[in-house]
Amino acid sequence: MVEFLQFTLGGIVFGMIYAAIALSLVLIWRGTRLLNFAQGGMAMLTTYIAIEVIYKTHSYWAGFVIALVAGLILGAASELTVVRPTAGKPELNSVIVTIGLLILFEGLAGIFFGGQYRSFPAAFSVTGLKVGGTPLGVSRFDVFTVAAVLATTLILAVLFRYTTAGLRMRAAAFNATVARLSGIRVARVLTVGWALAGLLGALAGVLVTPSTFLYPNSMDAIFVLGFTAAVIGGLDSPVGAVVGGLLLGVGLSYVGGYLNSDLTSLVALGVLVVVLMIRPNGLFAGARMRRV
Amino acid sequence: MKKSQRLRWQAAAIMTSALLGVAACSSSGSSSSSSSTSSSSNAALTASAPGITPTTITIGSHQPLTGPAAPGYSEIAPASTAYFDYVNANGGIYGRKIVYKYLDDGYDPTKTASVVRQLVLQDNIYALFNGLGTPTHLAAVSFLNSEKVPDVFVASGCECWNAPSTYPETFGWQLDYISEGKILGQYIKQHFAGEKVGYFYQNDEFGQDGVKGLDDEIPASMVVSKQSYVTTNVNIGPQVAALRASGAKVIVSFSIPAFTALLKLGMLKLGYNPTLTVSDVGSDPITLGGLLEAFAKQAGATVNGNQLTNGIITDEYLPALSASDSWYVLFKKIHDQYEPKAPLDGNFFYGMAVAYTFVQAMLKAGRNPTRADLTNAIQGGLPQGPMVAPFAYSSTNHLGVTGAYMGIIQNGVVVQQGSVLTTDTTATGPITTYTGSEEQAPASGIPSASS
Amino acid sequence: MAIIVAAIVAFLSIKLNAFRDFQIAEIAVEVTAVAGLTVLTGLSGQISLGNGAFMAIGAYATALLLLHLNWPFYLVLVFAGAVTAVAGAVVGIAAARLHGPYLAGATLLLGVALPSLALAYPGIFGGDQGLNVVFTTPAFLGVNFPLTRWQAWVSTLVALIVLVLLANLAQSRIGRTWRAVRDNEVAAALDGINVAAARVRAFVVSAASAGLAGALLAIVTGLVAPGGFTITLSIALLTAAVIGGLGSLAGALWGSLVIVLVPTYVTDVATSQGLSSSVGANIPIVAYGVVLILVMLVFPQGIQGGLLRLISAFLGPDQKSRTRRTAPTPHVTPSADQAPASQHEKEGFS
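Protein chains in written order, with numbering that gives the first Met the number 0: chain U, 0 to 291; chain X, 0 to 450; chain C, 0 to 349.
These are computed hints drawn from the structure, not numbers from a lab. Please read all numbers here as calculations on a predicted model, not as lab measurements. Mixed in with the good hints there might be a few duds.
Claimed, not checked - Here are the simulated distance ranges between beta carbons:
id	chain 1	residue 1	chain 2	residue 2	range
1	U	139	X	418	43 to 49 Å
2	C	183	U	146	45 to 51 Å
3	U	79	X	54	30 to 36 Å
4	U	83	X	310	31 to 37 Å
5	X	336	U	51	51 to 57 Å
To be verified - Computed list of lysine-lysine pairs in DSBU-like fashion (alpha-carbon distance at most 35 Å, straight line):
id	chain 1	residue 1	chain 2	residue 2
6	U	129	X	248
7	U	129	X	100
8	U	129	X	332
9	X	340	X	96
10	X	96	U	129
11	X	100	X	332
12	X	340	U	55
13	X	195	X	147
14	U	55	X	188
What the hints assert, rightly or not - Negatives, chain U to chain C, calculated, CB over 10 Å:
id	residue
15	28
16	52
17	76
18	94
19	107
20	124
21	132
22	142
23	145
24	157
25	165
26	229
27	262
28	264
29	280
30	281
Heads up, the beta-carbon is just placed ideally off N, CA and C, and yes, glycines get one too.
Isolated chain U, as found in the complex (with noise of 0.2 Å):
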């Protein structure tokens, strides 16, 4: 019983993270109808950024904040150079230069941070916690982190919700040529979109990063979870996003601990299946176009 416990605690910290790869992914699709192959690769690089800042300067939050802005303008960088000429042309050639990016960024990170292992810190106390003699199988940080993911998932929504940024952001993924009728400059709220995304990519970086070292290919196995996730939950639904990690997190906790961990993905590929049967557009799916 206390096993189950500590399984499910587990599941969750880790489910947290591939939530907020999910979101990333979810702000993006949204905005621009593409999927960012990259994310992992962005994550990657703005906790190497981090790392860096951490050493040079000490202090864990100074790296921490610059890591987020390293995302944001990474994510608004990569939209306007790379991702923003390949608008109007066949979607899948923006797949292929998300993952033109990602390779680029891994062989950057090789040859500018060297391929070993780097140790990254944890903001808190690694040391579990107990509650009456009971190690519950999580520490200071797993909660740092779940607070730290739920956190940036509320001001995102109060954001898209209650200011006019939000609604401009909002209008311009529904109708985009309405909105710029409306004279908001759509661009402008694509590469917003694509910066916050970023920094949510670096955020999920920072936080899972002690418990898989930094190193070029770090965030692949992360990433591809967290798409996952996100398809579970369903690419148009934020909701959907954090409950298809936490969903996947917990479910791949109990298959290590109950079956076997080499069936972890496989069980991953047995839940996403029969999510989609019943689902084709995931859990939360909007409407279905009415076939006539």
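Here the structure of chain U is known, so what remains is to put chains X and C in place on it, guided by the hints.
What follows is chains X and C alone, placed relative to chain U:
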């Protein structure tokens, strides 16, 4: 309609032929071995084999330089290169310089097959040196043996390299995982008799062979849990929780350094503090300390990661990295001169040590060696060099070092406990104490030619 | 037919260098797989990020058949293709209702998860070390015929057969059905086309091609292990298809040439410059990423599309070459006017 279609096919055909033609023309031909008369003290140096010219010996390797498996392992080849550079600067091998060409295979067996063929068929290497990885090297071993290319000192502890009848060109070097498991297992049986033991192992040939060796020694009644992990999934919390739930007081881990560190972190998270025994592969104190250092700083004090590695039990077949060891002094000198920026850790030491063994073998092979001269030289037995135990090399045994000593990590260094132990890969083969002594590093840093 | 003759002639002239033979075999393997993928994604509009998994099925089937039953190779080849075709049908049926990114996600995870079956059942599949494949030159060629050349011949032959079959399919009614489904599913359904069947058929064909490619890969590399079928492979296949020109079989060739030759070429250049290993090993990766981005930005129709543009510009305006036939845009982009998810199901790429 048809005309334009035909035009397209023709255009494509021309393109195809052109491209294939270009590919053919651009193929770099084999390095022609021109004979030259060098005025050397003894016989003249000739191009006695593919890859050997009067001035150079070209060897190749496949290594994971990029990709998820690269961290850690990618240090080995530059370390070997550093030692070869040192030898080249000090007379080379009978005056020839060693040219070490290693190519990235990203730990992908398909790519390994490709780069090994490139090295043999296009770059005309004399031998394949220190090919890294079990699944990767398995993709190369048949080809190397059918082409009769010496395949020396494979960087993998699989016992599958010991197949003199099917793979006569292939030789291991490091301690194989089954023997290692036996040595670790015996230590646990002797020092923790009656305690509950749990295994944590990588679910591939490395971990599985290690477990085989452990099971040869540790009574089954002592083992309460066996948990495996895969390198693609870093969330090992469930496995650690399962180990804790089983009540294991001793954990034996056949894990790579990253997962040893994760295991330690997972134990911290659960407040679980069993005795940790780790395979040599995953226990290098410097690597582990580096991985854990970000977490050791937590308490606010400026401790380094060593605090978290103290007390880890492990085995070693190379000397400890301490200033009192002659090999460490030698390798540090070369490291500081040729690769000062690389960390001088277990992987670096490994790379230099295996390069040293290769130089010993080449010196033994003679002034104008053929490929067969190299394999015969190894089969005739090699001195143990930096290894703490003898090599097994003979015409019937192609495995490398036969033993190791047990040690406990203290303050970032492995402190030896007891004598060197040697054994074999069979389930019932005994573990015996090695009564010979360690060799000292030669003053010149280069093995003598008369071994 | 001209292409076949030209290819064989050109190829025979290269049999001097054994390593080039190996590369020819590698390219042939890629072309076989990429051709199937380009048909699936380009002609029937279904994206697949998991064709590497189909290659794995074909490769493992080959290895197991040769290991346990010792069948002659041509029989093994057919059977491996058939087994993978069945797998393709299963996947196609499961994926029939999926579109765009959802299909991408499902196939991505397929590509990631399937090879781990080999680790989960090591007794059958050989685990991490994989299964050995023994492939020898047949007796009638004599004892001196180099294995690499025979491998190149077999691979090229299979690749050409697959290309011819796919070309015929693409121009047949089935191919037209695929394009109709890709361009506008509703209209196709109204027209009486069984959309689901067409989509599954495309998956079957694509999977069979990939399975045959996997069988060839098994005999060319001699080892079938999960490490050779990572998601990197699936992504490389898609990359090759798009770079070469989606939907175009000639494009499959260009794309395969790029992904096989560019990294090796750049590695050679990098090592000859004497760069340090951490830099030198990553230069090909950086170059690869840059090539992908540049080709997509400069040649949105892929290399084949770019070539056709160049050729038609060269030959003048009287040649009304129907570039649409071989390098189509994958589908109609729903214009930005249409509202997204909250009202309609908006499709990214179908």
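Each hint, compared with the structure:
1. 139/U x 418/X: 43 to 49 Å: holds (45 Å)
2. 183/C x 146/U: 45 to 51 Å: holds (47 Å)
3. 79/U x 54/X: 30 to 36 Å: At roughly 54 Å between Cβ atoms, residue 54/X and residue 79/U fall outside 30 to 36 Å, so the hint is violated.
4. 83/U x 310/X: 31 to 37 Å: violated (56 Å)
5. 336/X x 51/U: 51 to 57 Å: 28 Å Cβ-Cβ, so the 51 to 57 Å window is violated.
6. 129/U x 248/X: holds (20 Å)
7. 129/U x 100/X: Violated, at roughly 54 Å.
8. 129/U x 332/X: violated (49 Å)
9. 340/X x 96/X: holds (24 Å)
10. 96/X x 129/U: Violated, at roughly 62 Å.
11. 100/X x 332/X: Since the Cα atoms of residue 100/X and residue 332/X sit roughly 23 Å apart, the hinted pair holds (cutoff 35 Å).
12. 340/X x 55/U: holds (18 Å)
13. 195/X x 147/X: violated (49 Å)
14. 55/U x 188/X: Violated, at roughly 47 Å.
15. 28: violated (7 Å)
16. 52: Correct as stated: the minimum Cβ-Cβ distance to chain C is 22 Å, above 10 Å.
17. 76: holds (13 Å)
18. 94: Violated, since 8 Å does not exceed 10 Å.
19. 107: About 6 Å separates residue 107/U from the closest Cβ of chain C, which leaves it inside 10 Å; violated.
20. 124: Non-interface label on residue 124/U holds, nearest chain C Cβ at 33 Å vs cutoff 10 Å.
21. 132: holds (37 Å)
22. 142: holds (30 Å)
23. 145: holds (24 Å)
24. 157: Nearest chain C Cβ is 19 Å from residue 157/U, so the label holds.
25. 165: holds (15 Å)
26. 229: The claim is violated: residue 229/U sits with its nearest Cβ about 7 Å from chain C, within 10 Å.
27. 262: Violated, since 6 Å does not exceed 10 Å.
28. 264: Residue 264/U is in fact no farther than 10 Å from some Cβ atom of chain C, at 4 Å.
29. 280: About 6 Å separates residue 280/U from the closest Cβ of chain C, which leaves it inside 10 Å; violated.
30. 281: At roughly 7 Å from the nearest Cβ of chain C, residue 281/U sits no farther out than 10 Å, so the non-interface label is violated.
This entry does not satisfy hints 3, 4, 5, 7, 8, 10, 13, 14, 15, 18, 19, 26, 27, 28, 29 and 30, going by the numbered hints stated previously.
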